[in-house]
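Each chain is listed here by its residues.
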Amino acid sequence: MSKIRNLMLLCLAVTAGVALSMFDAQPASAHGERSQEPYLRTRATQWFDVTWSKTSVGVNEELEINGKFYLMKDWPDAIARPDLAFVSLVAPGPVFTRNETYLNGKPARQSFKELELGKVYDYKMIIRGRVPGNWHVHPMVSVHEVGPLVGPGEWIEVTGSADDFALPMQTITGEKIDNLETYNVATVVGWHAVWIAIAAAWLLFWLLRPLLVPRWIVLQKGREDLLVRRTDVIVGASIVVLALGLTAVAHIWATTAYPRVVPLQVGTSNHVQIKQPPQDVLIDVKRATYDVPGRAMKVTFDATNTGNAPLTLGEFTTASLRFVNRASPQAMAKIDPSYPKELIPERGLELNDASPLQPGEMRTYQMDAIDVAWELERLTSFLSDVDSRFGGLLFFHESDGTRHLSEIAGPIIPVFTDSNAMVSSQGTAETAQIGSSSRR
Amino acid sequence: MFNNQQVLEAAGFNKEAAWYSMIFDIIVVMAVVLLFGGVIALHCQLLAGDWDFFIDWRDRQYWPLVYPIVAIMFPAALAAVFWENFRLPIGATVGATLLVLSVWLMRWGAWHEFASYPFSMITPAQTITGALILDGLLLVFRNPLAVGILGGFLYGFVFYLVNYAPIAAYFLPVEHMGSVASVADMIGYSFPRSTTPEYIRIVEKGTLRTFGDTTVWYTSAFSGFICIFMYLIWWRMGLWFAQTTFFPNHPRVKAAMGLKD
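Respectively, the protein sequence lines represent chains H and A. All residue numbers for the first sequence refer to numbering that gives the first Met the number 0, where the first residue is 0 and numbers rise by one. All residue numbers for the second sequence refer to numbering that gives the first Met the number 0, where the first residue is 0 and numbers rise by one.
There could be a bad hint or two in this list.
Only some residues are given here: those of chain A computed to face chain H with a beta carbon under 10 Å [claimed, not checked]:
1) A10
2) D24
3) V27
4) R59
5) I89
6) A114
7) Q125
8) L153
9) P247
10) P250
11) A255
Derived DSSO-like pairs (lysine-lysine); straight-line CA-CA distance at most 27 Å [unchecked claim]:
12) K274(H) x K333(H)
13) K118(H) x K105(H)
14) K118(H) x K274(H)
15) K2(H) x K253(A)
16) K14(A) x K220(H)
17) K112(H) x K204(A)
18) K105(H) x K204(A)
Just the calculated beta-carbon pair ranges, DEER-fashion [to be verified]:
19) Q4(A) x S1(H): 49 to 59 Å
20) H111(A) x I412(H): 49 to 59 Å
21) S1(H) x I22(A): 30 to 40 Å
22) S237(H) x T194(A): 39 to 49 Å
23) T54(H) x F221(A): 50 to 60 Å
The set of hints was computed from the structure by calculation and includes no laboratory data. These figures come from a predicted structure and were not determined experimentally. Idealized CB from N, CA, C, for every residue including glycine.
Please put together the full structure from these sequences, using the hints given.
Given below as C-alpha cells:
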C-alpha cells in the first residue's frame, strides 16, 4: 500500500514540476523557417531582390513586397516538382490583408501550374495593415506536395486601432459591402439563433421532467405509455414538419434574395515567362566543404565566362543569406537598405581572386562564406541529410552594374577539424597529415 | 402539460427521492454538456474540419457530403443511449446543439479573439435541423431502423439546403484583378492563411460533368444515403459503448489497494 502511495506521490510531483516549468516558457516569435530542412531552404528556391516598401504602416495603409525567386535546377529529389504553386505571404495570421498579388506580372489570386526549374520569377504583393503590432512578414511560394518555401522576413510595425480597419468591396450584381470582415455575419448568427431556439424549446420540453432514474425504472416496469404519450408524439411529428418547412422557406428565401451567385472559383493559371537575367557564366563545382567548428563553407569551382563582358563575382546567396563581395561596388550597390541586416553576414564573400573574369576565360575560384549565420539559421545539418548537397546563386556584375546569375550546386562534405586546420583541395588527406604529425 | 407526478409515482419515488433524483439529473446534464460538447466538436474538427472552418471551402460537392456524414455519428450514438435506456428522444438534438454551441465558442475565442480571423471567414454550419428530424421521427416510429432509413436520409439531404440560406450572400460574384471570384473566395484570399495555400482546398473542381449545375442535389442525396448507414452503425456503437461491464480484480491488486478479499 505504501509503495503505491509513494508511486502516486512521485507521479504528482513530476506532474507539478512539468506544469510549473511551463510558466517559464518564452514567447515564440518568427515562423519557424529555421526549422525547415536545410535542403529546402538552400536547394529549392532562392529569393533575391526582396524589398519591403515600408517597415511601418498604419491600419488600412498599404505596403508592397517585391522581389524575385529562382527555382533551382538541382531541385531536391525528396520533394515534388513545382507543378502547382501559390504565391503568398507568411505572417502570424491575418494581421495584414492581401489586396493584390502578381507573379511575372499576372494576377496571382489563384494557383499557378507547372513552374519551371532554372527560371527566375518576379512577384509583387500589395498588403494592408489590419491588426496593430510588430509582425514578421515573409514572401512565400507554396508548392503542392512540398509545402511552404519561405523567403526572407522583415519586421513590419502596424500602428493604429484594429477597430478602424475596413475592407469594402462591390459585387458585380451591385451590392456594396462595407467591410468584408463582418459582411453577412449577422445573417448567419440570426439563422443559427433561430435553430438553436427551436432546439432549446424541444430539449426543454423533455428536460423539464424527471429524467434519468425515474424514467429508467418506469421503463423497466413496462410503463412506456407514461414516458411517451400521444401529446409527445404529436409534438415530435410537428417538429419534423417544422424543420422541413423552415428548411424549404430558408432555401427559397436564399435563392430569391440572391439569384445570381457563382460557385467557388478554383481554376489554375498558366504563368508567363519573363525575360531572364543573363546567365553567361558556366559553373562547375570541384569541391565543397563545410567546416563545422569554423562555420565556414568553402567551395572550389570552375567559372567560364561565355559572354562578351568582363564579370566580377559579387555575391553568393543561399537560404536568403547574402555573402557579398564587399570589394565590389556593383555588388554593394545591390544591397537594399530595407533588407534585413542579420541576413547579410558582416565578413562577406572571400575569394582567392576577385579580379574580373574576362570573356572566354575559365578560372578556378576558391570561395569562402564564413559566418555564424550558418548555425543561427540551422543550415548545417548535412549529417542528417540523405543527400548531402548544397545550392545557391552566384551573381556576377559587369562594370555598369548589369547582373548575371548562375546557379551553383554540388555535393558538400562536412569537416570536423578546428578552424586553424588547413583545408585545401586535398581536404581530409592534409588534415590527416597534420593530425598524425602532431602525435609524433 | 407534463405527467411528472404520474411518472414519479410509477417509479415509486416520494418527494425526497424525487428531489435527489433531480439533483442527480442536473449533475449528469452538466457532465454531458461539458464532455460531449468538447468531444463532438473535436470529432467534427478532426474529420471534417476544413470544410467547416473556412467560408472558401463551402463548395457544392465535398462540404454537403463530408460534413453530414461526420456530424451524424455522435448524435446517433447519443440518441441510442437516451432512447433505449430512458425513452428520451433528445440524443441527436443534444449532440447537434452542443456541437454548434461549442464550435461557436471556439471560433469566437480561439480563432477571432486569439488569432484575429474575421467572423465572415469562420462561421460554422449547423446540423440541428437534421437532428430535430431524427429525434422527431424516433418518437413517431419508435423504430431505429425506420428512423435510420428515413431520418438518416433527410439528415444528409437537408444539410446543404438549410446551411445555404445563411451563407448565400458569400457566393455573390466579384471582379478582382480581371477575373471572377465569389465573395467567399475573396474572403479567403484577402485574409491570408500561411499554411493554407489556395490549391489545398478540396472543393468542387468541375469533375462531376454529368451533373452540370445540379451537383449539389446529387451530392445531398448521396450524403443522405451514406447517413442512413452511419446512423444505424453508430446507433449500435452507442449502445455497445454505453454498456457496463465488471472486470474482477486480482487478489494481489486488491491487497495492494488495501482491500480485504
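* To do: Note whether the CB distance of Q4(A) and S1(H) lies within 49 to 59 Å or breaks it.
  => The hinted range 49 to 59 Å holds for Q4(A) and S1(H), with Cβ atoms some 54 Å apart.
* Falls inside 30 to 40 Å, the C-beta gap from S1(H) to I22(A)? -> 38 Å Cβ-Cβ, so the 30 to 40 Å window holds.
* **Hint consistency between K14(A) and K220(H) [alpha-carbon to alpha-carbon, up to 27 Å]** => Since the Cα atoms of K14(A) and K220(H) sit roughly 20 Å apart, the hinted pair holds (cutoff 27 Å).
* **Hint status (Cβ of P250(A) to nearest Cβ of chain H, threshold 10 Å)** => 14 Å, violated
* To do: Verify the interface restraint on A114(A): the C-beta must sit less than 10 Å from at least one C-beta of chain H.
  => 5 Å, holds
* **Restraint satisfaction for A10(A) [CB to CB of chain H, less than 10 Å]** => 4 Å, holds
* Satisfaction of hint between K274(H) and K118(H), Cα-Cα up to 27 Å -> 10 Å, holds
* Asked: Does K105(H) pair with K204(A) here, judged by a C-alpha cut-off of 27 Å?
  -> 22 Å, holds
* **Status of the hint placing A255(A) at chain H (closest C-beta pair under 10 Å)** => 6 Å, holds
* Holds or violated: Q125(A) as interface residue toward chain H, Cβ cutoff 10 Å? -> The hint holds - Q125(A) has a Cβ within 10 Å of chain H, the shortest such distance being about 6 Å.
* Asked: Once the shortest beta carbon distance from I89(A) to chain H is found, is it less than 10 Å?
  -> I89(A) check passes; min Cβ-Cβ to chain H is 5 Å, inside 10 Å.
* Asked: Range hint 50 to 60 Å: satisfied by the CB atoms of T54(H) and F221(A)?
  -> Between T54(H) and F221(A), where Cβ atoms are some 52 Å apart, the hint holds.
Taken one by one, the earlier hints fail for this structure at numbers 9, 10, listed in ascending order.
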